[in-house]
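Q: Sequence:
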Amino acid sequence: MELNSGNPGPAVIYRNRRMTASVAHAIGGGESAVFSSRSPCKETPNEDVAAIVPCDENSCVLIVADGMGGHSAGEVASLTAVREMIRAVNEALQQKQMLRIGIINGFERANDAVQAMGTGSGTTLAVVEISQNEVRPYHAGDSVVLVVGSRGKIKLETTSHSPVGFGLAAGLLDSSEAMDHAERHVILNAVGSPSMRIEIGSAIRLAARDTVMLASDGLTDNVTTQEAIRRIRKGKICDCANELTELATQRMWNPGEGRPSKPDDLTVLLFRRQSG
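Every letter in the sequence shown is one number past the one before it in numbering that gives the first Met the number 0, and letter 20, counting from 1, is 19.
Just so you know, not all the hints are guaranteed correct.
Claimed, not checked - The calculated lysine to aspartate or glutamate pairs, modelled on DMTMM-like cross-linking and capped at a C-alpha distance of 25 Å, are:
1. K152 with E242
2. K154 with E133
3. K233 with E56
4. K233 with E245
5. K235 with E156
In case anyone wonders, no lab produced these hints; they're calculated from the structure.
Full structure from sequences and hints, please.
A: Written as structure tokens, this is what we have:
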């Protein structure tokens with residue numbers, strides 16, 4: 000865990016972790032749970048990075064990045080992108096600008112910084128802005144943002160920037176076909192690309208018992224959306240994160256007939272507003 004100084008409080012960065020259980024944080028008028036662990040089938044670093052950035056007592060920024068590149072270049076790319084995002088958000092706070100400005104600047108700076116590495120590496124980047132009773136997603140790549148109600152209703156789900164993601168969104172693939180698709184690993188947009196684009200979602204109302212989830216594809220390649228929803232929609236937030244990541248890890252270790260299984264780095268970040 001790495002602390003990065005900024006106003007009004009330090010951001011918390013999770014990098015190259017091998018966690019066995021999630022960690023809770025009180026932030027932005029709610030509570031969060033963070034889990035990140037290396038793929039069980041490799042010895043190279045965990046290329047996922049997660050971060051939580053406090054903004055004031057009722058707002059925060061949540062970040063997940065999944066690096067690509069091998070030989071530790073992916074790890075450096077994801078960490079570089081997250082650090083640039085945090086710097087840009089903190090500058091926006093200090094200058095009393097809208098968080099949206101800081102986040103967009105963060106994507107652009109991250110893209111420039113990863114390209115400047117000169118390694119050909121890249122990273123996904125999923126960011127959520129939580130302000131008062133609203134949530135807005137921003138993303139590049141296939142790290143997912145999901146918002147669900149306590150009864151399991153999907154209120155927001157980002158589309159992965161991939162052939163499979165666009166096929167799902169267009170109704171050309173169903174969830175079972177997507178899990179087994181030959182191009183499941185292909186993405187069409189990433190930080191570190193000259194053609195990187197930022198998808199900005201609309202702000203939606205965040206009710207007291209709604210759950211926000213950001214996750215790398217280590218989750219979505221091993222657990223269906225409905226399986227995730229059943230585990231995160233209610234209950235203690237760390238218990239939700241632990242149950243979800245335990246399922247994904249079990250799938251990685253023990254592929255079963257008709258079940259998804261793709262060993263990968265796994266990162267999940269949950270947030271839920273306090274009730275009342």
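Q: Taken at face value, is the distance from the CA of E133 to the CA of K154 at most 25 Å?
A: holds, 12 Å
Q: Given the proposed pairing of K152 with E242, does the C-alpha separation stay at or below 25 Å?
A: Given pair K152, E242 holds - Cα atoms ~19 Å apart, limit 25 Å.
Q: Within 25 Å, alpha carbon to alpha carbon, are K233 and E245?
A: holds, 17 Å
Q: CA of K233 to CA of E56, is that 25 Å or under?
A: holds, 23 Å
Q: Taking 25 Å as the top limit, are the C-alpha atoms of K235 and E156 close enough?
A: OK: K235 and E156 at ~22 Å, within 25 Å.
The earlier numbered hints are all upheld by this structure, with none contradicted.
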